[in-house]
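These protein sequence lines map, in sequence, to chains A and B. As numbered in this note's numbering, the first sequence has no gaps in its residue numbers, which increase by one up to the final residue, 156. As numbered in this note's numbering, the second sequence has no gaps in its residue numbers, which increase by one up to the final residue, 156.
Mixed in with the good hints there might be a few duds.
Identical copies go unnamed one by one, so any copy, or any two together, can satisfy a pair.
[Stated by the list, open to error] DSSO-like cross-link-like pairs, simulated, lysine-lysine; straight-line CA separation at most 30 Å:
1. 67 - 97
2. 99 - 63
3. 141 - 97
4. 108 - 2
5. 112 - 67
6. 80 - 99
7. 141 - 117
FYI, nobody ran anything at the bench for these hints, they're computed from the structure.
Number of protein chains: 2
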Amino acid sequence: MKHTISVLVENKFGVLARVAGLFSARGYNISSLAVSETLDPQISCMTIVVQAEDEKILEQIEKQLNKLIDVISVTDFTKKEHVERELVLVKINYLSKQKAQLDKFLKKFLAKVVHGKENTAIIEAVGEQEQIRQLLEGLAKFGVHELVRTGKIAMA
Amino acid sequence: MKHTISVLVENKFGVLARVAGLFSARGYNISSLAVSETLDPQISCMTIVVQAEDEKILEQIEKQLNKLIDVISVTDFTKKEHVERELVLVKINYLSKQKAQLDKFLKKFLAKVVHGKENTAIIEAVGEQEQIRQLLEGLAKFGVHELVRTGKIAMA
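Go ahead and model the full structure; you've got the sequences and the hints to work with.
So, in structure tokens, the structure goes:
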């Protein structure tokens, strides 16, 4: 089961490596990670998505996170009502005759072209995981050239 | 000067901690970090924003990154034409009489309310760093309660 975990940490160097290290030491691969400042520039928020093969090990990791001196709080959104979003940038190459079809498709997903040149476009889209999956699946037929994603963020 | 660096890495556990460790070992704090899968699920993309006090040290870090066995490529977007975007979720508490003013403000930034209940709203917005800064500055007068950001992603 995929878990989305938010960790508030002191914004100091080394903290990120220590938190990431806790997961890798247990053989847990992080699917996605978003780290940025919060309202308080002294505090950073890490949003971590992990595939938990064993819920007990994840509980142990959460306990260990809480014990780290620079960790302020740990929230597992899996058990909480929350909003989640991810941002993607997708570079596609399309045929001229596909333009109308592409525009219609992007409108459906509220996605937009942020840079376009000849038959190449950079598309920006925001959504929940399932929406992004459908978007990428649909864009595949136009020819996806490059993809950058932010990883998920969440708010209770 | 702030640098936005994109690092393509093999999607294995431990890589993230190693890359983050390279920066912290040099006393470089990562301002934001976004890690996610690419088109190839075996490869992850890390978008790292760092404040470089000394450009020479940053060059050394980039060289060291390139030497890591799981690093495929390193791109510093500072010297390249690129598109950059960040996603934020902001929870605000506003007064009923501020509703019209809030709607007008959000429209200007193409931001939208993704969850609303009484006088609390979760707002989703995407933009370049300067736009996000202006948005947050403007929202401050409504009473910002919570903020989660993805960190920047970039595409050449």
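Results of checking the hints against the structure:
{"no.": "1", "hint": "67 - 97", "result": "neither (58 Å within a copy, 44 Å between copies)"}
{"no.": "2", "hint": "99 - 63", "result": "neither (52 Å within a copy, 42 Å between copies)"}
{"no.": "3", "hint": "141 - 97", "result": "within (13 Å within a copy, 48 Å between copies)"}
{"no.": "4", "hint": "108 - 2", "result": "within (27 Å within a copy, 36 Å between copies)"}
{"no.": "5", "hint": "112 - 67", "result": "neither (43 Å within a copy, 37 Å between copies)"}
{"no.": "6", "hint": "80 - 99", "result": "between (41 Å within a copy, 28 Å between copies)"}
{"no.": "7", "hint": "141 - 117", "result": "within (19 Å within a copy, 39 Å between copies)"}
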